[in-house]
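Trainee: Chains as they are written, first to last, in the working numbering: chain A, 1 to 401; chain B, 1001 to 1151.
The hints are simulated quantities; they were obtained by calculation from the structure and are not laboratory data. Any given hint might turn out to be false.
[What the hints assert, rightly or not] No farther apart than 35 Å at their CA atoms in a straight line, the calculated lysine-lysine pairs in the DSBU-like style are these: (1) LYS323(A) to LYS173(A); (2) LYS38(A) to LYS173(A); (3) LYS323(A) to LYS1035(B); (4) LYS84(A) to LYS286(A); (5) LYS173(A) to LYS1073(B); (6) LYS173(A) to LYS84(A); (7) LYS1073(B) to LYS314(A); (8) LYS314(A) to LYS286(A); (9) LYS380(A) to LYS286(A).
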Amino acid sequence: MARNPLQGELAVVGVGSTPYGRDLQRTALSLGLEAALKAIEDAGIDRQEIDGLCGSGMDVLAMGGAGFLALQGALGIEKTTWVKNGWLGSCFVYAAEAVFSGLCDMALVVQSYTRDVLMSRSAAGDPFRLRAAQKKMGDGLFAQDDFARRWLHSGEPYAGWMGRYMHDFGASKDVFGLMAVNNRSHGVRNSNACQRTPITLEDYHASRMIWAPMQMLDMDVPVDCAEAFLITTRERARDLRRKPVFIDAMSLGGTRVGEFYENTLGWTENAFWVCLEGLWARSQLKVEDVDLFYPYDGYTIDAIATTEAAGFCKPGEAEDLFKSSWDARANILRLNGGRTQVTTHGGGLSQGRAGGANFYTEAVRQLRGSEGDRQIAGAKTALVCIGSFFHDPSAVMLRAA
Amino acid sequence: MTAAEVSDDDVFSAFPAVLLDRDNIAHYRGILAGKLLVNRCAACGYWVYPHRPLCPQCLSWDVHPVEISGRGKVFLFTLIHQVREPGGRLREPIVAAAVELVEQSGLRYLARIVNCPGERIIPDMPVQLTWVESENSIPMPAFEPVVAKEG
C-alpha cells in the first residue's frame, strides 16, 4: 500500500453546471462565472470564504479566458492563498491537494470549455471563436510544415491506437461502439445533454469517418459549457447544507513517454495504468466495490483503456466484458454483475465536452442522491477516471457520506 | 548540399511554423540536406527521440545527431479523412503512421506512408524511408512499403 493520509479528510460541498449547447454565444469567462455562482449557491457559502481558485486552461497564467486571474476579479473574491489553472481531471486533484496541504480551506475549481476551431470546422466560421483561437495559438493555428510534429497534442494517435488494439487483441470495433451507445442511452435521459437522439451499434458504424478507424461517434461533442465545484475540509463540510461527498483516494499518472505520442509505451504501460495502479495502492476499496464508473470518453478508446486499467477485465477483454454486461432493454452497460452503471450523464460523447469536469459533478450529484429521475438507487462509491493515456490522467474514488 | 552547408537562417526560413531550438535544429538541417538524423548517445548508443540533449538511459550529455538506416515497421497508423482547416478537402485520405525504426524498440518517427493504398496498410508492415515534397516544396521524410526483392 502507498500512503493515503487524505482518506476521508476532504469533501466536495458544492457543484454548479451551465446549460450545454453547440452555440451559446457566450465567452468562456461568462460560462465559468455562471458555473461558479451555481456552485457557491449550491454550497450555501459566502463567496469571500473561497481562498483557493483553480481556473481553466493549461497556461500557467492564462490571461483572459476563464483563468484564475479573470475569475477572481470577475467574482470579486478579495483574497486567495492558492491559485492555479488546470484542465481535464487533474484540476480536481490539484485543488484537493491544496486544501489537504493547508494552502487553502475552500477551493473553487472552474472548468469552462467552448466549441473551438480545432475541434469543430464549423466553429471557424464564427469570428469570435476564430479570434479566440488566434489569440491563443498565434499564426501557427493551422500551420503544419513538419508532418512529424502533427501528433503533438492531437487526436490522431488515439485513432492509431484503436487500430493497434483491434489488431493485437483480435477485438472488433463493437467494443468502441458499445461505449458510444451506452453514453448516448444515458445522454438521452439527461435534459442537459446536447446529443439526445438514441443510437444503435449500426448508427455508430455508419457515422462519418474522421481518422480511420476513428469515426465521428468515437469523439466527444465540442460544445459551450462550464462546470464548477468546491472542495473543502471534512470539518467545514459538516456545517454546510449539502450532504458532503468525500474523497477516498486519488492518483495522477505519468510515464517516461508522454510528449511525442508516437513513442507511446505499450497498451498496459501507458499513463492510465500507472494512474489506476496508484489509486488502488491508496484506496481500501476494490474494483468490485465501485457502484458508479466514470471513464473519460474524449475518444471511446480512452474509456476502453480506463475500463481495463481499472481492472473491470483483463487487458484486451473489454469487448467480451461489454457484451456480457449489456442491458439490451436499456441499451446500457452494467458492470460488476449488473450493479455498476457507467457514465450516467452521457459523458463527453453525448452531454458534451467538458474535459471530464461533468463526470465529477455528475458523480457528486449521484452520491448525494439528488439526481431525481436519473438517480441510481443506493450508489455509495464512484470511480472517476479522466484524462489521456499519454498524459496527466487522474483517478479519483469518491464516497457518499 | 551537405548538412554543414545549411545555415541556421536557411532552416528558420524553411520551417516557419516549427518551434526550432538549439536541441532540434540539427534534425531540420539534416532534412534540408536530405538526411533523416536522430540524436544518439555516443556513450551508450541509445537513440534519443524527441530531440533532447541528455541521454535518458545513461544520463550522458554526449548526444549527437546520427543518420538512421530508414528501415522500420508500422506501429500506429490512421487514415486522415478530414483535415482541420475549414473548407479543406482531401482527394484521398492521408496516412499518418508512427514508424518503429529498426534501430531501437520504441523509437518511432511520425510520417506519411506513400506508394501504398490506405487499405493495404497493416500493423507491423515493413516500410522504408523515402522523400516526398511538402506543400512548401521541401522534400520531407515519408515511408513506403519495402518491395519484395529487397526483402
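Trainee: Please write out, lowest number first, the hints stated earlier that are contradicted by the structure.
Mentor: 2, 3 and 6
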